[in-house]
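Novice: Residue numbers (our numbering), protein chains in the order written: chain D, 100 to 348; chain R, 374 to 749.
None of these hints come from the bench; they were simulated from the model.
Just to be clear, a hint being listed does not mean it is correct.
As the list claims (entries may be wrong) - Footprint (simulated), chain R over chain D, 3 or more residues, beta carbon under 8 Å: (1) 154-166; (2) 210-224; (3) 267-276; (4) 328-338.
In this text, all values refer to a predicted model and were calculated from it rather than measured experimentally.
Cβ atoms here follow ideal geometry from the backbone N, Cα and C, with glycine treated the same way.
Listed below, chain by chain, are the residues.
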Amino acid sequence: MTHPATASQPTTPPALQAIGISKAFVSGKLHTQVLENFSLRIEAGELTLISGPSGCGKSTLLAILSGLQKVDGGRVLALGSELGQLDLRALERFRLQHTGFVFQGFNLFPALSAFEQVELPLNHMGLSRDEARARARRSLEEVGMAPRMKLRPSELSGGEKQRVAIARALAKEPELLFADEPTSALDAANGQMIIDILHRIAHAHGTTVLCVSHDPRVVVHADRVLAMEDGRILSDRRTHAPTNDSKGT
Amino acid sequence: MVALARKTLIYEWRRFLPAMLAVGFAGLLQLLQLALVLGIFGSTSVYITGSSADVWVGYPGTQNVGSGRTINPDVESRVLMDPAVQRVEPYIWVDGDWRGPHETGGISVFVSGIDPSPEGLMFSKALLPSLRERLAEPDAVIVDRSVLDQLGVNIGETATINGHQVTVVGISSGLRALGGVNVLTSLSTARELDGDPTDVGPTYLVAKLRDPKQADAVAARLRGDTAFGPYTTWSARDFARISVRYWMFDTGAGAGVLFLAGIVFLVGAVITSQTLIAAVNGSMREYATLNALGVGVAALRRVVLEQAFWVGALGLLGAGVLGIVLMLLAHSQDVPVVLNVPAALACIALVMGLAAVSGLAAMRSLRRADPASLLR
């Protein structure tokens, strides 16, 4: 049943580690075992892609590894912390300090400008106003959205919204960045741009990027691709992604 | 700090408009009802508030101005003996039956017999000296502008009260009564109108003090002397309060106000909370994303509460503006409306309480902002 990651064991500790986790959902009388005795290591500073058909458990895995969902059994280690031992508050604090998220829907507040979207979470990190604004600006520049940072979501295209969402996650300078189908709502060109940005974040900032996607374009850029089906890893391969940072802007 | 609550409120004002209207109308409804009740029942103490007497002397246990009994006229000298008292005058209350020159049927009137001299205390704030002067003529009466149609008379016309002919010599304003009609006349005319031969003394004695601030102390000092038969004293403020309270609570009007306050609160809170909940639901994915990024639920709750606060404040502002306009309109139409600071504060408290309860209800729906739901 178990399919532990078979990638070469590096000397550095993994950024994320699942050890024998299991997770089931109960809906009425229906009991669905999504993951059972599942183990996985995700290395730091890489863009790791989990792909697979819908319902294979990849989103559940992402939710568990990012601390958004509790496991029924097993342990989850993120940056050395055991997530299962943290209470709700501590989990929120952990996410605030260490993680960024990019979702399929961009989930931007309609009332806020791009700049404010990025600044808002930083306000809660205890940063000074100037530091928060400087970070927000830097982050928007990095995703090529600086010229349009005064605009609201209704004035932005889908690709631009996703870049703002990435900037929002990136401005927190997280060690872990989770992305759930970040390109599926975008056209080819915009999708490509988002992939490039995620890839660059992993390599330029040493951020551990864990991306769930069935977009074949992402596969080419990932450092490591895990194929999942029915709650199991079918294949685990390292690609030799181009080392030059393609400009995504 | 990015002002998420305020910016959302401004940008999505259409979404919040129903809540603001609900809060505003709830506030307005309550405000006007309170103002009307205060106005109507305030008129039951117009005899006191429209006069410049500081101390009232009347029959013990009197619950409102209209239900006084006669006291011994010699009490007047007792009151005058007090060094703090500057002037004392009698005030006679007679319940009368009015028969107008036209077909109006019998109308119950409250005859106020007052001292018509220019320095007279009774209704000194409600009557111009020139108008007051005219009461010195025998059988002269003044009636209020608001009841002319009801009485079927106009200035210069005659009518009868308790079978005694009187002439309307003037028209006052702001002297509406509750449950009857006020008719002002002189003390001597009032005595003639009183059909009860046992009524020898005045219904009240009213006194002006050299220092009005001493009203409570002087009233207390004059009380309890039984040498001249039963009487008691009140400061004008206390007697007015007793009178209004009697009408508020003994007529059930006070309970009516409270009942409406409850209804207004309930209806307002239901509409407001539903609107706020819809607003929270509309931004549920965004809130969930913030929570995924580590922004605590407590901080998100503050955003919702702040929105509720602004909805309350803006609704209140609208209610205030509209309320002032309507009050001015009511004043111009002789509708008795009065608003004092405690009543206004009570309305503000009701509206903000309503907004707070709605905010708390909306806050609960934040529980559905589960970031894990974004991954499904």
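Novice: So, for every hint listed, does it hold in this structure?
Specialist: Tested hints:
no. : hint    : verdict
1   : 154-166 : holds (count 5)
2   : 210-224 : holds (count 9)
3   : 267-276 : holds (count 3)
4   : 328-338 : violated (count 0)
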